[in-house]
Amino acid sequence: MTNHHQPDKLKSNHKLISMLVMGCIGMFGFGFALVPLYDVLCDKLGINGKTANTASSYQAITIDTSRIVTVEFISQVQTGMPWKFEPQTKRLEVHPGELIHTVFLARNVSDRATVGQAIPSVSPGQGAAYFNKTECFCFNQQHLAASTSAELPLIFFVDPQLPESIHTLTLSYTLYDITDKQLASAIEQGAAK
Amino acid sequence: MMSTTTQDQSITHDDHHHDAPKGIMRWLLTTNHKDIGTLYLWFSFIMFLTGGAMAMVIRAELFQPGLQLVEPNFFNQMTTVHGLIMVFGAVMPAFTGLANWLIPMMIGAPDMALPRMNNWSFWILPFAFTILLSSLFMEGGGPNFGWTFYAPLSTTYSPDSTALFVFSIHIMGISSIMGAINVIVTIVNLRAPGMTWMKLPMFVWTWLITAFLLIAVMPVLAGAVTMVLTDKFFGTSFFEAAGGGDPVMFQHIFWFFGHPEVYIMILPSFGIISAIVPAFSRKPLFGYSSMVYATASIAILSFLVWAHHMFTTGMPVFAELFFMYCTMLISVPTGVKVFNWVATMWRGSLSFETPMLFAVAFIVLFTIGGFSGLMLAITPADFQYHDTYFVVAHFHYVLVTGAIFSIMAAAYYWLPKWTGHMYNERLGQWHFWCSVISVNVLFFPMHFLGLAGMPRRIPDYSIQFADVNQIVSIGGFAFGLSQLIFLVLVIKCIRGGEKAPAKPWEGSEGLEWTLPSPAPYHSFTTPPEVK
Chain A
555 MTNHHQPDKL
565 KSNHKLISML
575 VMGCIGMFGF
585 GFALVPLYDV
595 LCDKLGINGK
605 TANTASSYQA
615 ITIDTSRIVT
625 VEFISQVQTG
635 MPWKFEPQTK
645 RLEVHPGELI
655 HTVFLARNVS
665 DRATVGQAIP
675 SVSPGQGAAY
685 FNKTECFCFN
695 QQHLAASTSA
705 ELPLIFFVDP
715 QLPESIHTLT
725 LSYTLYDITD
735 KQLASAIEQG
745 AAK
Chain B
69 MMSTTTQDQS
79 ITHDDHHHDA
89 PKGIMRWLLT
99 TNHKDIGTLY
109 LWFSFIMFLT
119 GGAMAMVIRA
129 ELFQPGLQLV
139 EPNFFNQMTT
149 VHGLIMVFGA
159 VMPAFTGLAN
169 WLIPMMIGAP
179 DMALPRMNNW
189 SFWILPFAFT
199 ILLSSLFMEG
209 GGPNFGWTFY
219 APLSTTYSPD
229 STALFVFSIH
239 IMGISSIMGA
249 INVIVTIVNL
259 RAPGMTWMKL
269 PMFVWTWLIT
279 AFLLIAVMPV
289 LAGAVTMVLT
299 DKFFGTSFFE
309 AAGGGDPVMF
319 QHIFWFFGHP
329 EVYIMILPSF
339 GIISAIVPAF
349 SRKPLFGYSS
359 MVYATASIAI
369 LSFLVWAHHM
379 FTTGMPVFAE
389 LFFMYCTMLI
399 SVPTGVKVFN
409 WVATMWRGSL
419 SFETPMLFAV
429 AFIVLFTIGG
439 FSGLMLAITP
449 ADFQYHDTYF
459 VVAHFHYVLV
469 TGAIFSIMAA
479 AYYWLPKWTG
489 HMYNERLGQW
499 HFWCSVISVN
509 VLFFPMHFLG
519 LAGMPRRIPD
529 YSIQFADVNQ
539 IVSIGGFAFG
549 LSQLIFLVLV
559 IKCIRGGEKA
569 PAKPWEGSEG
579 LEWTLPSPAP
589 YHSFTTPPEV
599 K
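Protein chains in written order, with the numbering used here: chain A, 555 to 747; chain B, 69 to 599.
Just chain A, with the same shape it has in the complex (with noise of 0.2 Å):
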């Protein structure tokens, strides 16, 4: 009777459906999709202050000791986090290319063993590219029993290409408690067996 009834209509109402929901269902997966894509930029860009977490190789570096880069830590507790944690020197002058030893120390505060894990940020972010380090505890999960503190080192060298209008890399920590994420994980590893 009315015109949406006629099958050549149908047949088109459905074709249209069909299209407008698989592009429903593919913004659905996109939205997932940025996920990694935002990974993949900010690393091919070096533009969110992320560094690497695997350790560089520190080989034919020539020193430019022409050139004086000032390089400054800070560190960061989680809320609620039962520990103290600071760079042992907050601020270093370096040539580019050398390769530079330093510590942080760690304190667990509390009365039960925790496990902290450090996310290291580079600001200005382009510089995070040039910021290598060769060891890092950030590389690892660290294990501190309670009330023990620990030494825990950091070597790393600024690349010599870093571009000339950067002359301050600030290398900030956060540490975050994950011993309930262990704890976990060992639980499920556990039942797996």
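Just so you know, the hints here were simulated from the structure itself, not pulled from any lab data. Where hints are given, some of them may not hold.
Quick list of in silico lysine-lysine cross-link-like pairs, DSS-like style, CA-CA up to 25 Å [said to hold, decoys possible]:
#	chain 1	residue 1	chain 2	residue 2
1	B	Lys267	A	Lys563
2	B	Lys599	A	Lys563
3	A	Lys735	A	Lys638
Beyond 10 Å from chain A on every Cβ pair, some chain B residues (computed) [as the list claims (entries may be wrong)]:
#	residue
4	Leu97
5	Thr98
6	Met124
7	Pro140
8	Asn141
9	Ala367
10	Thr380
11	Trp501
12	Asn508
13	Ser550
14	Leu552
15	Lys560
16	Lys567
If we take Cβ atoms under 7 Å as the criterion, some of the chain A residues that face chain B in the derived model are [said to hold, decoys possible]:
#	residue
17	Asn567
18	Cys578
19	Met581
20	Gly585
21	Phe586
22	Tyr592
All C-beta atoms in this analysis are idealised placements derived from N, C-alpha and C, irrespective of residue type, glycine included.
With chain A's structure known, arrange chain B on it following the hints.
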């Protein structure tokens, strides 16, 4: 623009599905686009009053510095749920209601293309909002992280009821998507013979483009809330740095949805204003095709500007410049629209019935919101304005005096067609003048509060802001009360009043005015011929 030959619409019913249920079942089971349009519009109005009541709580607390009436956590829930309700419960359903009522009549279709899905897309909405509102009464309270639910506020620090928030957003999203699919299929497949693309009324064009925006971004919102859900309850780390995620990424994903969402809430307004201004200027719309292209340009640009909400997150300078320039570019097609409306009025034979008053107020006040938007688009300036009351003033100018005013204008303009009665013009004029004065007392001083540094979403403030906040709150209470005039007017108009002719506005154009008033339950069962 178009002339029609119409068969007699009011008498030729087809009788085969007419054991129509009465009472509540009529509304629960209805697949009629006019019934569903009415349901959407009433639902939207109830939500408008609910969200408005929350705004009154906010303004009452901010009437004086210090904490007087509510706990900070409850204040946060009020700002959050006020935003969610106004966006997803008031503005968007109002537009869907208008689309249901008007699009079939404007394009000469007998109904929406997918009437049963239409019933579903409305009836899941009350459930979504019941879930959202009930979370306010739960232990730990309802959502308190702002309508933008930034991680980690919505993940690490949120109340347990966040699961209900996520679920309700999912339902709202499904409802919007079904509505959008229905609109697109209706417009593409059910146009009357001769209703070519460039003859479509602007309201239909703007809704078509809005529907595509909805389909593009509502699923992304669904993805974002799903990630919040799994981060909070199932141990994933999309937004948690400790697990390798990134909280800033939340903002990127959210605003990839959020910025097109802003245009979802304003493009149908442009269509409404483009119908009303010509009618009361007694001239055709100036620059019809440029209006269509401007709408499409705004929609496309809306995908390229999301990060202007995030200038202070530490983006690289080139990204800030890119998003700044793209944002400013949007003012070009928007300017085309404002120019066209003003040019339509130029040397027109103007009259100022209530719909026209709201439309003119829309043009002036929406433009103020546009200008403050341009100020916010300037990256270095935004560092000063970010998260202050300047932003609050900006988006209330575009959403209240923009979207809401256009919905009011639409209601007045088409009420005679919907109810068969003229509304009380005197009451309408009272509603308009009370609203337009109080809304400016409410929102204009917020610009100064923001420039002076008052942060948004905080229940307390420094005493130097006290006087201006009192003025703002008084404006707020007055604006809230003024809307009750509208409620009375609509009820009076439904129950009686002067009989409306088929075409109550002499300058109005379009197929809906060829139908008698009130529009018969079934219209255009035989398609009209558009020449």
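Here is what the structure says about each hint:
1. The hinted pair formed by lysine 267(B) and lysine 563(A) meets the criterion: a straight-line CA distance of about 21 Å does not exceed 25 Å.
2. With a C-alpha separation of about 22 Å, the suggested pairing of lysine 599(B) with lysine 563(A) holds against the 25 Å cut-off.
3. Of the supplied pair hints, the one linking lysine 735(A) and lysine 638(A) holds, its CA atoms being roughly 20 Å apart against a limit of 25 Å.
4. For leucine 97(B), the requirement that its beta carbon stay farther than 10 Å from each beta carbon of chain A is met, with the minimum near 18 Å.
5. At roughly 16 Å from the closest C-beta of chain A, the C-beta of threonine 98(B) stays outside 10 Å, upholding its exclusion from the interface.
6. With 10 Å as the threshold on Cβ separation, the claim that methionine 124(B) sits away from chain A holds: the shortest Cβ distance comes to roughly 34 Å.
7. Every beta carbon of chain A lies more than 10 Å from that of proline 140(B), the smallest distance being close to 17 Å; the non-interface claim holds.
8. Residue-level check passed: asparagine 141(B) sits 17 Å from the nearest beta carbon of chain A, beyond 10 Å.
9. Alanine 367(B), annotated as away from the interface, keeps every beta carbon of chain A farther than 10 Å; the closest lies near 15 Å.
10. The claim that threonine 380(B) is not at the interface with chain A holds, since no C-beta of that chain comes within 10 Å of its own (minimum 14 Å).
11. For tryptophan 501(B), the condition that its CB be more than 10 Å from all CB atoms of chain A holds, with the nearest at approximately 43 Å.
12. Consistency note on asparagine 508(B): stated as away from chain A, and its beta-carbon is indeed over 10 Å from all of that chain's, at 39 Å minimum.
13. Under the 10 Å C-beta cut-off, the non-interface status given to serine 550(B) relative to chain A holds; the minimum distance is some 39 Å.
14. Its beta-carbon lying about 39 Å from the closest one in chain A, leucine 552(B) satisfies the requirement of being farther than 10 Å from that chain.
15. At roughly 34 Å from the closest C-beta of chain A, the C-beta of lysine 560(B) stays outside 10 Å, upholding its exclusion from the interface.
16. Once the 10 Å rule is applied to beta carbons, lysine 567(B) is consistent with being away from chain A; the minimum gap is 29 Å.
17. About 6 Å separates the beta-carbon of asparagine 567(A) from the nearest beta-carbon of chain B, less than 7 Å, and the hint is met.
18. Annotation: interface hint on cysteine 578(A) holds; nearest CB of chain B at approximately 5 Å, less than 7 Å.
19. Because the beta carbon of methionine 581(A) sits about 4 Å from the nearest beta carbon in chain B, less than 7 Å, this interface hint is met.
20. For glycine 585(A), the suggested interface contact is upheld, since its CB lies about 3 Å from the closest CB of chain B, less than 7 Å.
21. This hint holds: phenylalanine 586(A) has a C-beta 5 Å from the nearest C-beta of chain B, less than the 7 Å allowed.
22. A distance limit of 7 Å between C-beta atoms decides the matter here; for tyrosine 592(A) the minimum to chain B is near 5 Å, and the interface restraint holds.
Of the hints listed earlier, there is not a single one the structure fails to meet.
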